[in-house]
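**Q** Start from the sequences and build out the full structure, keeping to the hints where you can.
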Amino acid sequence: MDESPKAGVDRRSFLTGAATGAAATLLAQQTSIAGAQSSATAEPSVQASATGRPASDFMVDIFKSLEMEYMFSMCASSFMGIHESVLNYAGNKSPQSITCTHEEISVAMANGYAKIEGKPVLVCAHATVGAQHAAMALYDAWADRVPIYLVLGNTNDAADRQGEVFWLHSAQDPCAMLRDFTKWDDNPKSLTHFAESAVRAYKIAMTPPMGPVAIVVDEKMQEEHAPADARIPSLNVPTPPAADSGAIAEVAKLLVAAENPVILASRAARTPAGLTLMVELAEALQAGVVDSRRRLNFPTRHPLNGGSAAQADVVLALEAGDIANVARQARQREAKVISITAQHLFQRSNYQDFQRYAEVDLSIAADAEASLPALIEEVRRLTTDARREAVRQRGVRIAEANRRALEQARVDAANGWDASPVSTARLSMELWAQLKNEDWSYVTGWVNWPLRLWDFTKHHQYIGRAGAEGVGYYAPASVGAALANKRHGRISVSIQPDGDLMVAPGALWTAAKYQVPILIVMQNNRAYHQEVMWFQRAALMRNRSLDLTQEGFGLGNPNIDFAKLAESMGVGSAGPISDPKELAAAIRRGIGVVKGGEPYLIDVVTQPR
Amino acid sequence: MKHLLAATALLAASALLFFAASAAAQSARTDRAAIANGESVYLTLGCQACHGTVGHGGAARRLAPGTLPLDAFLAWVRNGTPGWSFAAGMPAFPATVVSDADLADIRSYLASLPPPPPIADIPLLAE
Numbered sequence: 001m002d003e004s005p006k007a008g009v010d011r012r013s014f015l016t017g018a019a020t021g022a023a024a025t026l027l028a029q030q031t032s033i034a035g036a037q038s039s040a041t042a043e044p045s046v047q048a049s050a051t052g053r054p055a056s057d058f059m060v061d062i063f064k065s066l067e068m069e070y071m072f073s074m075c076a077s078s079f080m081g082i083h084e085s086v087l088n089y090a091g092n093k094s095p096q097s098i099t100c101t102h103e104e105i106s107v108a109m110a111n112g113y114a115k116i117e118g119k120p121v122l123v124c125a126h127a128t129v130g131a132q133h134a135a136m137a138l139y140d141a142w143a144d145r146v147p148i149y150l151v152l153g154n155t156n157d158a159a160d161r162q163g164e165v166f167w168l169h170s171a172q173d174p175c176a177m178l179r180d181f182t183k184w185d186d187n188p189k190s191l192t193h194f195a196e197s198a199v200r201a202y203k204i205a206m207t208p209p210m211g212p213v214a215i216v217v218d219e220k221m222q223e224e225h226a227p228a229d230a231r232i233p234s235l236n237v238p239t240p241p242a243a244d245s246g247a248i249a250e251v252a253k254l255l256v257a258a259e260n261p262v263i264l265a266s267r268a269a270r271t272p273a274g275l276t277l278m279v280e281l282a283e284a285l286q287a288g289v290v291d292s293r294r295r296l297n298f299p300t301r302h303p304l305n306g307g308s309a310a311q312a313d314v315v316l317a318l319e320a321g322d323i324a325n326v327a328r329q330a331r332q333r334e335a336k337v338i339s340i341t342a343q344h345l346f347q348r349s350n351y352q353d354f355q356r357y358a359e360v361d362l363s364i365a366a367d368a369e370a371s372l373p374a375l376i377e378e379v380r381r382l383t384t385d386a387r388r389e390a391v392r393q394r395g396v397r398i399a400e401a402n403r404r405a406l407e408q409a410r411v412d413a414a415n416g417w418d419a420s421p422v423s424t425a426r427l428s429m430e431l432w433a434q435l436k437n438e439d440w441s442y443v444t445g446w447v448n449w450p451l452r453l454w455d456f457t458k459h460h461q462y463i464g465r466a467g468a469e470g471v472g473y474y475a476p477a478s479v480g481a482a483l484a485n486k487r488h489g490r491i492s493v494s495i496q497p498d499g500d501l502m503v504a505p506g507a508l509w510t511a512a513k514y515q516v517p518i519l520i521v522m523q524n525n526r527a528y529h530q531e532v533m534w535f536q537r538a539a540l541m542r543n544r545s546l547d548l549t550q551e552g553f554g555l556g557n558p559n560i561d562f563a564k565l566a567e568s569m570g571v572g573s574a575g576p577i578s579d580p581k582e583l584a585a586a587i588r589r590g591i592g593v594v595k596g597g598e599p600y601l602i603d604v605v606t607q608p609r
Numbered sequence: 001m002k003h004l005l006a007a008t009a010l011l012a013a014s015a016l017l018f019f020a021a022s023a024a025a026q027s028a029r030t031d032r033a034a035i036a037n038g039e040s041v042y043l044t045l046g047c048q049a050c051h052g053t054v055g056h057g058g059a060a061r062r063l064a065p066g067t068l069p070l071d072a073f074l075a076w077v078r079n080g081t082p083g084w085s086f087a088a089g090m091p092a093f094p095a096t097v098v099s100d101a102d103l104a105d106i107r108s109y110l111a112s113l114p115p116p117p118p119i120a121d122i123p124l125l126a127e
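From first to last, the protein sequence lines stand for chains A and B.
Heads up, the first sequence is in the working numbering, so the first residue is 1 and it goes up one at a time.
Heads up, the second sequence is in the working numbering, so the first residue is 1 and it goes up one at a time.
Among these hints, one or two may not hold up.
Here are the simulated distance ranges between beta carbons [claimed, not checked]:
{"#": "1", "chain 1": "B", "residue 1": "Asn79", "chain 2": "A", "residue 2": "Arg388", "range": "48 to 54 Å"}
{"#": "2", "chain 1": "B", "residue 1": "Ala36", "chain 2": "A", "residue 2": "Leu406", "range": "34 to 40 Å"}
{"#": "3", "chain 1": "B", "residue 1": "Ala36", "chain 2": "A", "residue 2": "Gly552", "range": "23 to 29 Å"}
Worth flagging that the hints you see were computed from the coordinates, not collected in a lab.
Values in this document were obtained by computation on a predicted structure and should not be read as measured data.
Each residue gets a CB set at the ideal place from its N, CA and C atoms; glycine is no exception.
**A** Here's what the structure looks like:
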């Protein structure tokens, strides 16, 4: 989260006394943006034309008012007015233009950025061919409840289209193809309309359940003249919907009375404050937390990290995704399942990210993080002294089970320790040895070993996986997250799948051009191994050969030299490394480069998984 | 006669030694060949996708050390995980895809692999 102190003093003083928890965080953010809005107009670095100020300058003022730090885009004529205003009117500051080599990269970078900063950046694209490129990354963000702010250039009026390409790059309803996985879109008909929609879009994107929004900006409108009295509407992001007091009381009663309550969390902690609240709730209950980690919801080495919903008598699912099986099994043993999720407040029909229908006992349509302060307070109030000792003993048992689980993880990690290609466990621990004393952020989530063995304690240290598991997310999202981490002085590290990087290798160039400090360590297993397993089952069901596996799913022959690929785009590199004994030196060198403010890639030839 | 018997016995003993040595050499060669073939078939079938190139696990169970006895190994590969499907589980490998002889060689390969170092000898895991 951006915690830059821009709010007025009086307002802050009020907040200190009047609000707590997530609501306070959000209000502080609103206040921050309102403060920025009051002084949004940029000092022009060039003279406006004699006939007036371009409308796109005013549009950029709106983006400034929304504290858009960057503009991620692959350049295109349809939003050239805005792009020119960003560079020449705003002096390429807030937003700063970041050139991406594919719209899928633009959106995925915005996804990674938002998961670190807790707010969107501006993404611009052609409304037709650009939006088509952007679509998968947008779906990833939609499924992951990530706010993306997309502005699409279009030539709305047919009379303004100057030739064949203009027609090819225009659409009657540009957002139609994105509507199934965006929260809201608009195609404003006037500059006033644009101003309202631009602020409204931000508000909608940031209201849980968060998600992508898209605004079409007419190419010709950008070239109009902004009236002198053009006004930016004020922004007020709604307080997230929290569970009502009756529901909270019921949930707390069930949890406190339970013998073995378990908390499931997937996207419960939207912010650093959410992570703290999760710890407070778990400790108040001495309940285990099963974190499926679409965000970092719980510290990995906390004594209460772990447990099993299959043995719980009460399950509390917080923004937990697919819980249909948990609910079904719970019903069989007469256990209770409570679900708190904002997902109920906004769903689309076509794409099936809402998962199978879960038959839970208590379903609460509310934002989990916003509901936690009241729930914690009620749990504490209901926990009697007599109950406290039993609760304490439960915590001791869970802590012992988790100690054994960590021990087992270490034993498991030793298997294949000296293997060549390098085991992913060895790779992870070689990294950890040199990161653990730094301020680090693990900005990819595909390799699971860090989550079993590293000590994650801060929200920014993990940002989850690709929301819709779309391939091509990790490379650009990790660069976007690293760009956000840059001003915090953090070392961003990714363990980068090879197949994923081949979808969007241009992210490396963007990292080099804008000096994004990130250590990219390749998980170069030279195949689409996830699909290899599917192929094996498919072929063997049909009693057919596996001889052509590599023809269909291999990424070798020729092997891809990722070190050379990186070098070709200006990213320093090492490798390919197949001998695990060579890793430590390469990682040391890489961290040195990253600390100097540059990206670095180490190509490691790894075991398949 | 006595010398003749002694010479015959010596000859027989030499022959036995020769054949024993030869058999041992043959066996060693066979083991090496079996292991090499087992590794090759293991990688061609794509077993490493789930079990790693040295059977250490990954997306599925560890195969070495602690490799199953041959009969159990054959039964496990032939049957797969009970209830396996297109979506999940270890599939059954029929004889048309991999022969018993090749499976025996795969088992020889896995059984030949050295165990991992103890945790205490790995500083990165000993914290």
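**Q** State for each hint whether it applies.
**A** Evaluated hints:
no.: 1; hint: Asn79/B with Arg388/A: 48 to 54 Å; result: holds (51 Å)
no.: 2; hint: Ala36/B with Leu406/A: 34 to 40 Å; result: holds (38 Å)
no.: 3; hint: Ala36/B with Gly552/A: 23 to 29 Å; result: holds (26 Å)
Of the numbered hints stated above, none is contradicted by the structure.
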